[in-house]
Structures are given as structure tokens and as C-alpha cells.
Amino acid sequence: MGTSLGFHIVFAVLGVGMPALMMVAEAIWLRTGDRVWLGLARRWAKAFGILFAVGAVSGTVLSFELGLLWPRFMAFSGSMIGLPFSAEAFAFFTEAIFLGLYLYGWDRLSPLQHWLTSIPIALSGAASSLFVVMANSWMNSPTGFTLGPQGQLLSVNPLAAAFNPSTWTEDPHMLVSAYVATGFVVAAVYAAGILRGRNDAHHRRALLAGLAMATLAIALAGVTGDSSARFIYAQQPAKFAAMEGLYHTERGAPIHLGGIPLNSQQRVVFAIEIPRALSLLAAFNPNAKVLGLDAFPAQNRPNPILVHFSFDTMVGLGGLLGLLALAFWLVYWRRRVLPRRLLPLLVIAGPASVLTMEAGWCVTEFGRQPWIVYGILRTSQAVTSAPGLGLTFAVFLAIYSGLAFTTARLLLRLAARERAAQSASAAAPTAAAGPPL
Amino acid sequence: MSEADAVAGLLWLALTAYAVLAGADFGGGVLDLLSSGPRAADQRTAVAAAMGPVWEANHVWLIFMITGLFTAFPRAFGILALALYLPFTIALVGIVLRGAAFAFRGHGALGAGPLSRWGLVFGSASVIAPFFLGTAAAAAASGAIRVQGGRLSSGFVSGWTAPYGLLIGAFAVSIGVYLGATYLTVENEGGALEGDFRRRAVLAGAVSGVLGLAGLLLAPSQAPPLAHALFGRGLPLLLLALINGPLALWVVWGSRPRLARIAVVGQVVLVLWAWALGQWPYLIPPDLSISASAAPQATLSALLVVCGIGALILMPSLWLLFRVFKGPLLDAGT
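Heads up: the sequence lines are chains C and A, in that order. Going by the working numbering, the first sequence opens with residue 1, and the numbers climb by one from there. Going by the working numbering, the second sequence opens with residue 1, and the numbers climb by one from there.
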């Protein structure tokens, strides 16, 4: 399940971000008549066609796996988190329908009609992510039901479950992270192209568009991430303690930057410690009390090694990405040229932004352990008793690796073919005037 | 009729849509595999052109069904997920490979025409997915899934590995080919491919007729609850299906593609609803009824509201999709 999720999330995130870029590129073309933007929209549409198909089928696997792997979890919580999932199905319908129109409708719709079909794709892509994360938020802060003395469900309020307290902090953070990751991935692809000598208008504009989206979004990611962390401090103190690697409850707690939590010694080693900073950030009070892992019985503690490491990866990489974007725009505004020396860093920023997002998922998922529904249902109680789990896992792992490999190879081939077509058409009219470029 | 019944009816509608739309897409994959003769490459291209814009939207009916089932009938979903863990997983592998292979081939260098490795994956996965979904349906309908004290008591292979399950699996595959080939006669009306697809439609129709009749005749001994359903409350629709079946085949044979499309779709709808009406009020006979496995009232009401709002967006969008790609061509750009 985790593998499926980790795989699917990459495609899901591109499914949120790419349509927004396509929509903007085609809109600029409609307004200015600049065919470079049209070319970008068409190329992104082709690549997105492949990505969406793989995302759609891996998403199907997830919807089945919810039941196949966690029958008891779904039997318990289906009536509460099913609602956002059902709403997500409609959002997915909308995205699939209008993507069909967008991909295959270039010749059947007028340019304006065609551009209009991109709007529902972008909106429903964003809506999908909001709905799915609502369900995940519920697992973090389950509300909207009452339990009887034996743990049986007495009553359910599905709206209260969908709009649970976590939704308000987790949903915006996931949404903007999707734009961050997509923007950096796009910028990375074109930065790599420019470094290989393809420094044309096409590559420059694509890079600027991707990075602009990423920059706007990463600023928001900082804000939403901060409110998320404060929410976790208030509502999921065990997760908070694990994120920060805080073993002992303290007043005026420090922040541990980096370092390795050692369970055996109940402390974090090799970390840079900033005294009182954690209390200050979490509660705006340098002397505020922050619960450590020792405030919870051992069987209710998440694994601080995984969670702290994931958290530091997310925050650290996220911060570096923000700095990189800032440096890029400073240079660009002052000199009006692409800062060449930053291009290699931008190439790295693509995969790094995906890693940042995956680390964020690890924080929320590992941080919730040992619970699948926080405080209510343990993960170990919810897992399936069906046979062949290991085999299923191996089969899907193999399939996903194959799909990832093939997707990457096809996208590269697609790019090469587009380049060949482009240089052929560019060469034709200028052939008499001399060599192209 | 309770709210739970209304939701169950809605999910059955989604199943019907999935069967006649995505079923035809699976059939398209099988037809791709069976492409032959001098026009083999053209046949594959026609299948790809017909599926391209719509298959992803058609596929979402399945996701809608799954999410609706675990929202409204979480207990039934939990039981089905356990009892049918293996066929569902195998079908999922098929669904993943089918979709990915179709996209890879379509956007790869070769296109749909010549036989390719991804084409083979696409075709064979299009057999696997409907076959195992069919076996799973047979298991659920035949009374092989038993629940005692809220827990699955019939194990992980009951029903779908039985000969009857395999028969219904083959039936599901052949129905998909029948639907797909019939649609393709409409989309290639007047062209050389129309005859190719008509011959395949007739053949698939005959095969699915034989398998369907075998399924019906074997039901009393192999799947008593299903027989009870079909010969009980489902009987009027079953009789209609028994009349419509040969007629549909005759219309397909007689080169009336548009009428044939209606007749074949009608046949699938009749069979599915004869089963559904007959099985009511059970979701998984003989142990799980609709009311006993339903989610609390508040969830059902909320789900109906969500579906109502969703339908307001979905229906016009679907209409637009099928009008642009399957209807008469719009003026713009053509």
C-alpha cells in the first residue's frame, strides 16, 4: 500500500500541477498569438496523456487496496471517509472526460473551446487532491462519529468527518506542495535541456513558467506547513515529538536540526540544537511545555528515527528549494538573463522537490503510527488476513518499477521526437538563408 | 424503497455503465489481439482511435463503484475484499497493464498499427481483467461467499475458481468483444472495416449467447441463489433478454449497425437488471442483505446528495465528450 501510494502520489501531483501549466501556456498563446506557448501546451499535453493514464490505473489499485489490504479499517471508517472518496470519483470523472476532450480535441474544437476544456481539468485535478487528503486528514484527527462502550459505531456525521480539524491545515499544504513539485520538475527538465545547448525560446519560457509556479507555491508551502506543524503540536503531540526528535517533555524545548534519534539512549545525537526555539515556534512562547515521547506509553509511540529524519528532509530540502528559487529570480531580474550557474542546481531541484513531498507524506504517515485511525484503530488490527500478501507486494512492486521505467523512457523518446520535428520545421524555411539556429 | 436501496440501485447503474462502456474497451483490446487479414493494422488503428478519447472516463465508473460501495456498504465491501482478494488482485494487474500499455503504445514511436510488444500486453491484459471480474461476479451471485457472525467463513477461493465462475468469466470476456465489435461497426460505417468488425461481432455474439445460455441452464445446480433470482423476480426481464438476444444477433448480422448497437446494449442491460432485481434485497446472497450491510443513515443521505451534485457536473460533461467524439462531427475545425 505504501509503495502504491508513494508511486501514485508522483502522478497525482503532476495531475494537479501540469493542467494548470497547460492552461496558462495555452491562454498566453490565445492572447498573444505566440506559437512557442502553443507548442509548449501541445507537448505538455502529450506527456501528460501518458502520465495521466499511469496515474489513473495506479489510483485504481489504491482504491481497491483500501479494501483488499485494510478490510477492517474500511469496514470501520468507510461510512465516514467514503464520502470524500466518492466526491473524488466525480472529480476524477471530470478530469478524465475533459482530458479526453483536450488531448483528442485539437482539431475538433475551436481554439477558445479547446482552451476552455483545460479549466475543468485544472480545477478537478486540484479538487481530487483536496478530497483524497480530506480522508487522510480524518485518519489524523478522526471526528464526526460517536462510539459505544465496546467500540461500536453509534452515530455518524459524514460532513463533520470530511471537514475534520486536520483538513484545514493538511489540505492546503498538500495542494500547494503539488504545485511546488510540478513546477520544479518542469523547470528541471528544461534546465537540463538548456545545459545541453538547447537554449531556445521554447526552453527558456518553459523553465520560467515552471519555476514561477514553483516559487509562488513554495512561499505558500512555508505558510501552510507552519500552520500544519502548529496543528500537530496541539492535536497529535506524539507525532510532533517524533518529528522534532523530542524524547523528554520539557518547558522551553529546543529544535533539533538534523541528528539521529537514538532510542537506546533516549536522545538525539549529532544535531544542531537551538534552545527554546521549538516552544517559541509551536506556541509563540519560549517557555511553553512541549510533550516528549516519554509522555506516551511505549506501544503508542511512533518511530522517531523515521519521522524525525523525514521531517528534517522535508523542511531542509524545502528551505533550500525556496532559497534557490529566490536566488534565481534575483539574478534574473537584475541581469535579465538566465543565471547559468544555477541551472545545474535547478536540475537537481526537480527530483529534490519530489523527494521533499514524499518525505512530507512519510512524516504524516509514519508519524501517525502505530495508529491507522489516530487514537481509535491500530494499524496492526486493521490489516487483512488474506493469503499471499508478500506475493501481491512483490508483483505490484515489479509492475510499478516497470511502469516507472517505461514512462520515463517514453517521455524521453517523445521529447526527442518533438525536437526532431521542431528542428525539421524550423530548418525548412531558413534553409536557403543559411544553417538553422 | 429505503435510502440503502436507492444507493444500491445507483451503484448498479454505475455497474451497468461500466459494463457497456468499459466492457467494450476490454473487447477492443481483445479485438486488437485478434486483428488479422490484410487490414490487421487498420483494425488496430480503428480500435485505438475509438478508445483513445473515452477509455479513461469509462474506467472511472469502476472507481465510482468501489468508492460508493465502501461508503454505503462498508461491511459488504470488507467481505468482498477478503473473499475475492485473489481475483480482484489479478484483475487489477490486468487493469493496470491494459491502461498503461494502451497509453505507452499510443504515444510511443510506433502507434497502434503494427503488432508490438505493448500491443500484446494491451490485448492479453484486456482478456485477463474482464475474465477475473466475471469470476468474481459469479462468486458473489452464486451464494459461494458465506458470512458467519460478521466474518467471512467461506475462504479465499470459494466460488470464483468453480467451473461456474470460469464459465461466467469467459462470458464476461465474450460480451465485451460483442459490445466492442458492434460499436466499431458504427464507427466504421461504410468503410472496409465495417464488415471485418461485423463478422467479429456476430461470432462474439454467438459465443456469448452459448455461454450465457449455459450459464442460465447450469444456474439451478451451480448457483442456486442466482437461479432463484433470475427465475423469480427477474423473470420478466430474463424473458425479454431471451427474446432480445437472438433479435440483436440478427440485427447485427443484417448490417444495421446503429440499431444493432442499441439491441446489444439492451441485451447487457436486461441481463444485469434481471440479476439485480431478482437478487434484491440481498447484496451478497445468501447472508448479506442490503439493509444489513448499509452504512448509517446520515452517510447514505450525504452520499445521495454528493451523487446528485456530482451528476449535475458529470452528465453534461459526458454528453459533451460523447457528442464531440462519437456523435456527428462539430463544425469547428473539420
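Hints are computed from structural coordinates only; laboratory data are not their basis. Here a beta-carbon is modelled for each residue, glycine too, at the ideal position from N, C-alpha and C. There's no promise every hint is true.
[Stated by the list, open to error] In silico SDA-like links for lysine to any residue, alpha-carbon gap of 25 Å or less:
| no. | chain 1 | residue 1 | chain 2 | residue 2 |
| --- | --- | --- | --- | --- |
| 1 | A | Lys326 | A | Leu312 |
| 2 | A | Lys326 | C | His114 |
| 3 | C | Lys46 | A | Leu13 |
| 4 | C | Lys46 | A | Leu312 |
| 5 | A | Lys326 | C | Ser110 |
| 6 | A | Lys326 | A | Pro316 |
| 7 | C | Lys46 | A | Arg323 |
| 8 | C | Lys46 | A | Ala41 |
| 9 | A | Lys326 | C | Arg42 |
| 10 | C | Lys46 | A | Leu318 |
| 11 | C | Lys289 | A | Lys326 |
| 12 | A | Lys326 | C | Gln369 |
| 13 | C | Lys46 | A | Asp42 |
| 14 | C | Lys289 | C | Ala201 |
| 15 | A | Lys326 | C | Leu116 |
[As the list claims (entries may be wrong)] Cβ pair distances, simulated, as ranges:
| no. | chain 1 | residue 1 | chain 2 | residue 2 | range |
| --- | --- | --- | --- | --- | --- |
| 16 | C | Ser110 | A | Ala41 | 50 to 58 Å |
| 17 | C | Leu112 | A | Ala41 | 52 to 60 Å |
| 18 | C | Ser110 | A | Arg39 | 27 to 35 Å |
| 19 | A | Pro220 | C | Gln150 | 38 to 46 Å |
| 20 | C | Gly375 | A | Phe231 | 47 to 55 Å |
| 21 | A | Ile309 | C | Ala27 | 26 to 34 Å |
Given hint lysine 326 of chain A paired with lysine 289 of chain C - CA-CA distance at most 25 Å: This hinted pair is violated, its Cα atoms lying about 65 Å apart.
Given hint leucine 318 of chain A paired with lysine 46 of chain C - CA-CA distance at most 25 Å: holds (22 Å)
Holds or violated: lysine 326 of chain A to leucine 116 of chain C, with C-alpha atoms at most 25 Å apart: With a Cα-Cα distance of about 20 Å, the restraint between lysine 326 of chain A and leucine 116 of chain C holds, given a limit of 25 Å.
Straight-line alpha-carbon gap lysine 289 of chain C to alanine 201 of chain C, limit 25 Å: violated (55 Å)
Consistency of beta-carbon spacing, alanine 41 of chain A to serine 110 of chain C, with hint 50 to 58 Å: violated (32 Å)
25 Å Cα cutoff - pair lysine 46 of chain C, alanine 41 of chain A: holds (23 Å)
Agreement of lysine 326 of chain A and arginine 42 of chain C with the hint, judged by alpha carbon distance not exceeding 25 Å: holds (23 Å)
Proposed proximity, aspartate 42 of chain A with lysine 46 of chain C (alpha carbon, max 25 Å): The hint holds at about 23 Å.
Proposed proximity, histidine 114 of chain C with lysine 326 of chain A (alpha carbon, max 25 Å): holds (17 Å)
Assessment of proposed distance window 27 to 35 Å (beta carbons of serine 110 of chain C, arginine 39 of chain A): Cβ of serine 110 of chain C to Cβ of arginine 39 of chain A: about 34 Å, so the range 27 to 35 Å holds.
Straight-line alpha-carbon gap lysine 46 of chain C to leucine 312 of chain A, limit 25 Å: With Cα atoms ~29 Å apart, lysine 46 of chain C and leucine 312 of chain A exceed 25 Å; violated.
25 Å Cα cutoff - pair lysine 46 of chain C, arginine 323 of chain A: holds (23 Å)
Checked against the numbered hints given earlier, this structure breaks hints 3, 4, 11, 12, 14, 16 and 17; the rest are met.
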